[in-house]
Amino acid sequence: MYRKIMMTIAILMLLNMIIGCTAKEPVIKATADVADVKQQLEKFAPVEIAYDGSQLSEGDHQALLKLVEAAKLMDQIFLRQVYDKNP
Numbered sequence: 113m114y115r116k117i118m119m120t121i122a123i124l125m126l127l128n129m130i131i132g133c134t135a136k137e138p139v140i141k142a143t144a145d146v147a148d149v150k151q152q153l154e155k156f157a158p159v160e161i162a163y164d165g166s167q168l169s170e171g172d173h174q175a176l177l178k179l180v181e182a183a184k185l186m187d188q189i190f191l192r193q194v195y196d197k198n199p
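Here my numbering is used: the first residue of the sequence shown is 113, the next is one more, and so on.
Source of the hints: derived by calculation from the structure; they are not laboratory data. Incorrect hints may have been included.
Unchecked claim - FRET-style restraints, in silico, Cβ to Cβ:
| no. | residue 1 | residue 2 | range |
| --- | --- | --- | --- |
| 1 | 131 | 175 | 20 to 26 Å |
| 2 | 195 | 119 | 56 to 62 Å |
| 3 | 163 | 199 | 26 to 32 Å |
| 4 | 186 | 130 | 31 to 37 Å |
| 5 | 117 | 187 | 49 to 55 Å |
| 6 | 148 | 177 | 25 to 31 Å |
| 7 | 195 | 168 | 33 to 39 Å |
| 8 | 184 | 119 | 29 to 35 Å |
| 9 | 175 | 144 | 36 to 42 Å |
| 10 | 162 | 136 | 42 to 48 Å |
| 11 | 117 | 184 | 22 to 28 Å |
| 12 | 168 | 197 | 37 to 43 Å |
As the list claims (entries may be wrong) - Computed cross-link-like contacts, SDA-like style, restricted to lysine to any residue with a CA-CA straight-line distance of at most 20 Å:
| no. | residue 1 | residue 2 |
| --- | --- | --- |
| 13 | 116 | 133 |
| 14 | 197 | 140 |
| 15 | 116 | 132 |
| 16 | 184 | 162 |
| 17 | 184 | 166 |
Since this is a predicted model, take the numbers as computed values, not measurements. Beta carbons: idealized from backbone N, C-alpha and C, even for Gly.
Please build the complete structure, drawing on both the sequences and the hints.
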């Protein structure tokens with residue numbers, strides 16, 4: 113009797129693991145109008161941000177360049193985390 117109960121529990125746990133580990137593709141339920149998408153993209157137009165680099169030491173300037181490089185990498189990581197088919 114004990115063996116039968118343990119076998120049933122083991123089978124149920126195995127089935128639960130198999131069902132829980134299946135990856136499902138996200139479903140896009142609606143499509144957006146092209147004009148609406150273009151309008152939304154215009155809100156996020158690239159902007160030049162200027163700074164006065166004369167006040168930075170050479171080490172500070174190098175650190176700033178490294179921070180910008182790291183930010184670009186983090187942006188790529190974020191886009192992939194949000195949706196794996198992002199470029």
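Open item on the list: Tell me if the straight-line CA distance from residue 197 to residue 140 falls inside 20 Å.
Closed with: 13 Å, holds
TODO: For residue 117 and residue 187, compare the CB-CB distance with the range 49 to 55 Å and indicate the outcome.
DONE: Roughly 53 Å apart at Cβ, these two residues keep to the hinted range, so it holds.
- [ ] Could you tell me whether the CB distance from residue 195 to residue 119 stays inside 56 to 62 Å?
- [x] 42 Å, violated
Open item on the list: If I claimed the Cβ atoms of residue 131 and residue 175 lie 20 to 26 Å apart, would that claim hold in this structure?
Closed with: 49 Å, violated
- [ ] For the range 33 to 39 Å, tell me whether the beta carbons of residue 195 and residue 168 fit it or not.
- [x] Holds: the Cβ-Cβ distance is about 37 Å, inside 33 to 39 Å.
Open item on the list: What's the verdict on residue 184 and residue 166, does the C-alpha distance respect the 20 Å limit or exceed it?
Closed with: 24 Å, violated
Task: residue 168 versus residue 197 beta-carbon gap, inside 37 to 43 Å or not - done: 39 Å, holds
- [ ] Decide if the proposed pair is consistent with the structure: residue 184 and residue 162, CA atoms, cutoff 20 Å inclusive.
- [x] 17 Å, holds
Task: Hint check for residue 199 and residue 163 - Cβ pair distance inside 26 to 32 Å - done: 29 Å, holds
Open item on the list: Against the range 29 to 35 Å, how does the distance between the Cβ atoms of residue 184 and residue 119 compare: consistent or not?
Closed with: 54 Å, violated
TODO: Would you mind confirming whether the straight-line C-alpha gap from residue 116 to residue 132 stays at or under 20 Å?
DONE: Roughly 24 Å separates the two Cα atoms, so the pair is violated.
- [ ] Take the C-beta atom of residue 148 and the C-beta atom of residue 177, compute their distance, and say whether it sits inside 25 to 31 Å.
- [x] 38 Å, violated
In terms of the numbered hints stated before, the structure departs from hints 1, 2, 6, 8, 11, 13, 15, 17, listed from lowest to highest.
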